[in-house]
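Protein sequence lines, in the order shown, are assigned to chains A and B. Mapping the first sequence onto my numbering, position 307 (from 1) lands on 307, and the numbers just tick up by one. Mapping the second sequence onto my numbering, position 67 (from 1) lands on 67, and the numbers just tick up by one.
It should be emphasised that the hints constitute simulated quantities derived from the structure, not laboratory data. Certain hints may be false.
Claimed, not checked - Derived Cβ-Cβ restraints for the label pairs, each shown as a range: (1) K50/B / K332/A: 18 to 26 Å; (2) K151/B / D187/A: 47 to 55 Å; (3) D33/A / T8/B: 54 to 62 Å; (4) D115/A / N55/B: 18 to 26 Å; (5) T154/B / G386/A: 23 to 31 Å; (6) K53/B / K332/A: 36 to 44 Å; (7) E186/B / P93/A: 55 to 63 Å; (8) P121/B / G37/A: 21 to 29 Å; (9) E132/B / D115/A: 51 to 59 Å; (10) S145/B / T63/A: 31 to 39 Å; (11) N62/A / N196/B: 54 to 62 Å.
To be verified - Pairs of lysine-lysine, DSBU-like flavour, derived with a Cα cap of 35 Å: (12) K331/A / K126/B; (13) K331/A / K151/B; (14) K53/B / K340/A.
Unchecked claim - A short list of chain B residues far from chain A (calculated; beta carbon distances all over 10 Å): (15) T8; (16) G11; (17) R12; (18) D22; (19) R30; (20) D48; (21) A57; (22) D59; (23) R81; (24) G102; (25) A111; (26) S130; (27) S149; (28) M155.
Every value quoted in this text rests on a predicted model; they were computed, and no experiment measured them. For each residue, glycine too, the CB sits at the ideal point set by N, CA and C.
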Amino acid sequence: MELRERLGRKRMTSPPGKKMFFDKVWDVHRIIDLGDGFDLLHVDRHVMHEITSTDGIEFLDNTGRTLRNADLNFATPDHVVSTAPNRKSDSIPQFTHMITSMRDNSKKHGFTLFDLGDERQGIVHVIAPEQGIALPGATLVCGDSHTCTVGGVGALSWGIGTSEVKHVMATQTIVQRRPKTLRISFDNSLSKNISSKDMILYLIGRLGAASGDGYAVEYAGPAVKSLDVEARLTLCNLSIELGAKIGQVAPDDTTYEYLNDRPFSPKGGLFDQAVRHWRTLPSDEGAAADKEVSIDASAIQPQVTWGTSPEHVVGINETIPDPKSADSDVKKRAWEAALKYMDLEPGKPISKTPIDIVFIGSCTNSRLSDIHAAADVAEGKKVAKGVRGLVVPGSGLVKKAAEFDGSAEILRNAGFEWREPGCSMCVAMNDDVVASGKRTVSTSNRNFEGRQGDGARTHLASPATAAASAIAGFICDPRQLKS
Amino acid sequence: MSERKIGTASGRACVLRGNDIDTDRIIPARYLMCVTFEGLGEFAFEDDRKEAKGNHALDDERFNGAKILVVESNFGCGSSREHAPQALMRHGFTAFIGVSFGEIFSGNCTANGLICARLSPEDVTKLMESVELDPTQEITVDVESKTVSSKAGTMKAEIPEGVRNQLLEGTWHATGVLLDASAQIEATARQLPYVNTFVEISD
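Sequences are here, hints too, so could you generate the full structure?
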């Protein structure tokens, strides 16, 4: 593939004194050069959810250590919480202990908790920017692979494992191998009604799900610059599905405007001081990434996945690919297995495939602009008979805003369930599960086998495409419903 | 605190074909509520194995007792759950050989003293064929010389230099080292506006 070749061929070096955004941020956070490409870095923000923080706290308690800097640690329950209206800590009894233990540990260790019942509670990667916890040029880690999301405000953020969570809690530092840099430039402008979800799915389809391995990705170019912050968060969210731990958009005026007056953002004069600092962070003119890729944004159509890897993606007006056309044996086998799992036939159009469930939510697409995109499509229409539509806002504040501006009512009137914030059907750990053999259009990020429930068949798409599909009862181009 | 030094891993191998095998498949999300990693071994690839009805590589009698898992490309992509390498370790694996690995997965492997060795796609194919032909043969991953030896010959493996040294020196355990760098941590933190001025200090 031409793009892959270009990705492999271009190796650039920056002129002396010229640095990439990523390098500037990494360098000031280095505490010790450990040699062989590893550094010990300072962690400016550590965010936690109820699944991956428990081990860390136990480690502190069992070894007599303390949380090194409680002011830099934040937590919220999101993965296992019920999203049913009027939910409580004990709505799903087998998970109650995870929620209450986080509550107890917050009191004991002094980290900030956005608990159930607090309107600031929500999906970690939604609330970190919303609260101004994630900031441009700050390092932020969390025991969750989608931590790359908050690269959308220009944070240097990535997901870590349980062992690393313990290390961060005890030392406020982390040992990391310095990745190489990959700059992906989206040139030209997006067509009307194309979202950043379509951009990133298109990119993964072109480059492959392993192409970002070993790189910190910077998304750049005019089509990225013109995105609002929420859309940038969506773009960065699927960096891990590209194979990259880190994805970033350099901060600009759009970012500063978004962060101004957030609860944990710097205030008053400090904010001005912060902006002056942030303005020095974007890549220097003439600095080059280790690899550079360009994508023509104007060619992007609404995207929808057909298989069981995010790279199994086509334009909504395209056909399901034939394994015979795969460029390797491994790929051919993977495509065959995916088609079997998804119960789809090669050569058929992807649109008009009948569906059972539509899920609008997750750290990818549960912000106010996503709710608006869905409401725009659904206004005055009804969810098709036999289809269950769920809308799960990413935080209590998103929910409140959508209820205030009427978009929640539009969705409810159309027949969507309007639920409480949480990860919900993306990770399917609570009771929001897709039954075996059922087909869903989901605004989340993973279409892996069994991800949304044992035997569940997932098609990833944008909120507009998901809403249009709910109304049509089959996979549907939102531009058709709008016209 | 120093941990076990890891110079080699050897034993029989198990061949698991397929690209992009994600951590949800290695250990389904319902096991993330386990408070400890103990006992996860028996649930490795649970849904895949159920679906394969006895035809999964982990249920293949020829590979019984394998210590080394040979995989293809982007193995362990997806969720950051450390439960994935933990489940495989508790199933009995000490090393993974493949074309490439999910980055968070391979970092989690190192943190648990497990080896991820990369071979060229051609060498992975050769190794898989060799193991399938004679599953009783012993495979050795040598961290020091960065090689994989089998009946298919000695192949050059890729292990990042820093990871190699951490394994050889026994400093791979993430919480085992560096807790005494307090003064240096303080010095760096003092220069970072995110720690001193930008953060809202709680009462």
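Outcome of the hint check:
no., hint, verdict
1, K50/B / K332/A: 18 to 26 Å, "holds (25 Å)"
2, K151/B / D187/A: 47 to 55 Å, "holds (51 Å)"
3, D33/A / T8/B: 54 to 62 Å, "violated (29 Å)"
4, D115/A / N55/B: 18 to 26 Å, "violated (46 Å)"
5, T154/B / G386/A: 23 to 31 Å, "violated (60 Å)"
6, K53/B / K332/A: 36 to 44 Å, "violated (23 Å)"
7, E186/B / P93/A: 55 to 63 Å, "violated (44 Å)"
8, P121/B / G37/A: 21 to 29 Å, "holds (24 Å)"
9, E132/B / D115/A: 51 to 59 Å, "holds (53 Å)"
10, S145/B / T63/A: 31 to 39 Å, "holds (36 Å)"
11, N62/A / N196/B: 54 to 62 Å, "violated (31 Å)"
12, K331/A / K126/B, "holds (18 Å)"
13, K331/A / K151/B, "holds (27 Å)"
14, K53/B / K340/A, "holds (16 Å)"
15, T8, "holds (20 Å)"
16, G11, "holds (24 Å)"
17, R12, "holds (24 Å)"
18, D22, "violated (5 Å)"
19, R30, "violated (7 Å)"
20, D48, "violated (8 Å)"
21, A57, "holds (14 Å)"
22, D59, "holds (17 Å)"
23, R81, "violated (8 Å)"
24, G102, "violated (7 Å)"
25, A111, "violated (4 Å)"
26, S130, "holds (18 Å)"
27, S149, "holds (24 Å)"
28, M155, "holds (19 Å)"
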